[in-house]
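> Sequence:
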Amino acid sequence: MNTELLEALTILEEEKDISKETMLDAIENSLMNACKNHFGKADNIKIIMNRETCDYSVFAEKVVVEEVEDEVMEISLADAKMIDSKFELGDIVQIPVESKEFGRIATQNAKNLILQKIREEERKVVYDQYFEKEKDIVTGIVQRYVGKNVSINLGKADAMLTENEQVKGEVFKPTERIKLYVVEVKNTTKGPKILVSRTHPELVKRLFESEVAEVKDGTVEIKSIAREAGSRTKIAVWSNDPDVDPVGACVGMNGARVNAIVNELRGEKIDIINWSENPAILIENALSPAKVISVMADPDEKTASVIVPDYQLSLAIGKEGQNARLAARLTGYKIDIKSETQAIEAGDLPENYMDMAMEAAEVDEPEQTEDYLADEE
Numbered sequence: 002m003n004t005e006l007l008e009a010l011t012i013l014e015e016e017k018d019i020s021k022e023t024m025l026d027a028i029e030n031s032l033m034n035a036c037k038n039h040f041g042k043a044d045n046i047k048i049i050m051n052r053e054t055c056d057y058s059v060f061a062e063k064v065v066v067e068e069v070e071d072e073v074m075e076i077s078l079a080d081a082k083m084i085d086s087k088f089e090l091g092d093i094v095q096i097p098v099e100s101k102e103f104g105r106i107a108t109q110n111a112k113n114l115i116l117q118k119i120r121e122e123e124r125k126v127v128y129d130q131y132f133e134k135e136k137d138i139v140t141g142i143v144q145r146y147v148g149k150n151v152s153i154n155l156g157k158a159d160a161m162l163t164e165n166e167q168v169k170g171e172v173f174k175p176t177e178r179i180k181l182y183v184v185e186v187k188n189t190t191k192g193p194k195i196l197v198s199r200t201h202p203e204l205v206k207r208l209f210e211s212e213v214a215e216v217k218d219g220t221v222e223i224k225s226i227a228r229e230a231g232s233r234t235k236i237a238v239w240s241n242d243p244d245v246d247p248v249g250a251c252v253g254m255n256g257a258r259v260n261a262i263v264n265e266l267r268g269e270k271i272d273i274i275n276w277s278e279n280p281a282i283l284i285e286n287a288l289s290p291a292k293v294i295s296v297m298a299d300p301d302e303k304t305a306s307v308i309v310p311d312y313q314l315s316l317a318i319g320k321e322g323q324n325a326r327l328a329a330r331l332t333g334y335k336i337d338i339k340s341e342t343q344a345i346e347a348g349d350l351p352e353n354y355m356d357m358a359m360e361a362a363e364v365d366e367p368e369q370t371e372d373y374l375a376d377e378e
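Just so you know, we're using the working numbering here: the sequence shown kicks off at 2 and counts up by one.
Just so you know, the hints here were simulated from the structure itself, not pulled from any lab data. A portion of the hints provided could be inaccurate.
[As the list claims (entries may be wrong)] Pair by pair, the computed Cβ-Cβ distance ranges are:
1) D311 - V172: 38 to 46 Å
2) Q117 - D159: 19 to 27 Å
3) N113 - S77: 33 to 41 Å
4) M161 - E302: 36 to 44 Å
5) Q343 - A214: 44 to 52 Å
6) D242 - V172: 38 to 46 Å
[Claimed, not checked] Subject to a maximum C-alpha distance of 25 Å in a straight line, what follows is the list of computed DSS-like cross-link-like pairs (lysine-lysine):
7) K17 - K191
8) K194 - K136
9) K270 - K217
10) K224 - K335
11) K136 - K224
12) K191 - K125
13) K224 - K270
14) K157 - K118
15) K21 - K112
16) K87 - K47
17) K118 - K42
18) K303 - K335
19) K17 - K187
20) K112 - K37
21) K157 - K194
22) K125 - K187
23) K157 - K180
24) K136 - K217
25) K292 - K224
26) K136 - K206
27) K112 - K17
28) K136 - K125
29) K339 - K292
30) K174 - K270
31) K157 - K136
32) K149 - K169
33) K169 - K180
34) K21 - K191
35) K292 - K335
Everything numeric in this text was worked out from a predicted model, so none of it was measured. Where is the CB? At the ideal position from N, CA and C, for every residue including glycine.
Based on the provided sequences and hints, a complete structural model is requested.
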């Protein structure tokens, strides 16, 4: 048994995750290459290797001839008879090749071949490891700023968080641990090139999967997500179990679950709404926290006309149009928002709508008072 080689291969397998089989193939190829460098050709070289014990033998197969013209490929009958008297012309004789006979250059080339294979396998192992994490989140440690980009250590590989994938206003300190979304993993000659993001909408989705058990096991689905990184995210959720409240599951006890995600995103606001197959209800929910009077949705044109109370118009539109913009992205509808007054002027509401609304409010008011007094009694 070749104990030293077996131990070396075992260490490589444990520390570098490079299989013994792969390295034995590399050794076999390096021996073949060394023979070619030493003899000038390796067509007649045969390598026998025991994969269990790592013992190996190298033979040069030579044809028995009367007169030798090619010493690499042929052997004289007289020399063959000295090995075994049974050999005759035309027979094949296996001549052991000792690797210690190889020249310095042949030995160095063989060594380089094995080292190159080890490096290739190391890169492949790391690439495979992170390729499995593509479209998922990883935890990285901030190393340093490279210009406006950030170098992140992911363990066995480094990633670069480019300026485009950074949330505006976020500043990182060396050794800080942050969550990142793996956008893409490319295989290069220098190892895997890992593209990560802090702005991708899927980052929020994956954070909910890691924080909310019901999302992870599929009881609650995140049907749609719209994000303006660093500012606000809207997600629409749906429960496959009628006994599970999807919004409540995502918010958690006293907001614990959603707050953990908000903290990871450094204060980014998250609106969680109920998903509905009915586009009008979905659009009404998406415009939350604004209250809506009516929604007219056209599923074919993917447009919707929304009317809100006058005092809710600015809330429905949001700062710099953010609420309406995110609602449109979340639902996939082009949303036109009007106030009551604007709707009346456009003929979308009757001219006496305001009076009708006030009368309805006055009718409701006594009932509310009676209920309140009844409760007091």
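> Compare the structure with each hint and give your call.
Hints versus structure:
1. D311 - V172: 38 to 46 Å: Holds, since D311 and V172 (Cβ atoms, about 41 Å apart) stay within the stated range.
2. Q117 - D159: 19 to 27 Å: Since the Cβ atoms of Q117 and D159 sit about 22 Å apart, the hinted range of 19 to 27 Å holds.
3. N113 - S77: 33 to 41 Å: For S77 against N113, whose Cβ atoms are near 36 Å apart, the range 33 to 41 Å holds.
4. M161 - E302: 36 to 44 Å: With Cβ atoms ~43 Å apart, the hint holds.
5. Q343 - A214: 44 to 52 Å: For Q343 and A214 the Cβ distance comes to about 45 Å; the hint holds.
6. D242 - V172: 38 to 46 Å: Distance hint for D242, V172 holds at roughly 42 Å.
7. K17 - K191: Cα-Cα ~17 Å, so holds.
8. K194 - K136: Roughly 14 Å separates the two Cα atoms, so the pair holds.
9. K270 - K217: Holds. K270 to K217 sits at ~22 Å (cutoff 25 Å).
10. K224 - K335: Measuring from Cα to Cα gives roughly 18 Å; hence the hint holds.
11. K136 - K224: Distance ~17 Å between K136 and K224 Cα, so the pair holds.
12. K191 - K125: holds, 11 Å
13. K224 - K270: holds, 19 Å
14. K157 - K118: holds, 18 Å
15. K21 - K112: Measuring from Cα to Cα gives roughly 17 Å; hence the hint holds.
16. K87 - K47: Roughly 22 Å between the alpha carbons, so the hint for K87 and K47 holds.
17. K118 - K42: Judged against 25 Å, a Cα distance of about 22 Å means the pair holds.
18. K303 - K335: holds, 6 Å
19. K17 - K187: holds, 20 Å
20. K112 - K37: holds, 14 Å
21. K157 - K194: holds, 12 Å
22. K125 - K187: OK: K125 and K187 at ~11 Å, within 25 Å.
23. K157 - K180: Holds, at about 16 Å.
24. K136 - K217: holds, 15 Å
25. K292 - K224: Holds. K292 to K224 sits at ~22 Å (cutoff 25 Å).
26. K136 - K206: The hint holds at about 11 Å.
27. K112 - K17: Distance of about 18 Å is within 25 Å: holds.
28. K136 - K125: holds, 19 Å
29. K339 - K292: Cα-Cα ~12 Å, so holds.
30. K174 - K270: Holds: K174 and K270 sit about 23 Å apart, inside 25 Å.
31. K157 - K136: At roughly 18 Å apart (the allowed maximum being 25 Å), K136 and K157 satisfy the hint.
32. K149 - K169: holds, 12 Å
33. K169 - K180: holds, 16 Å
34. K21 - K191: holds, 23 Å
35. K292 - K335: Given pair K292, K335 holds - Cα atoms ~18 Å apart, limit 25 Å.
Going through the hint list in order, the structure satisfies each hint without exception.
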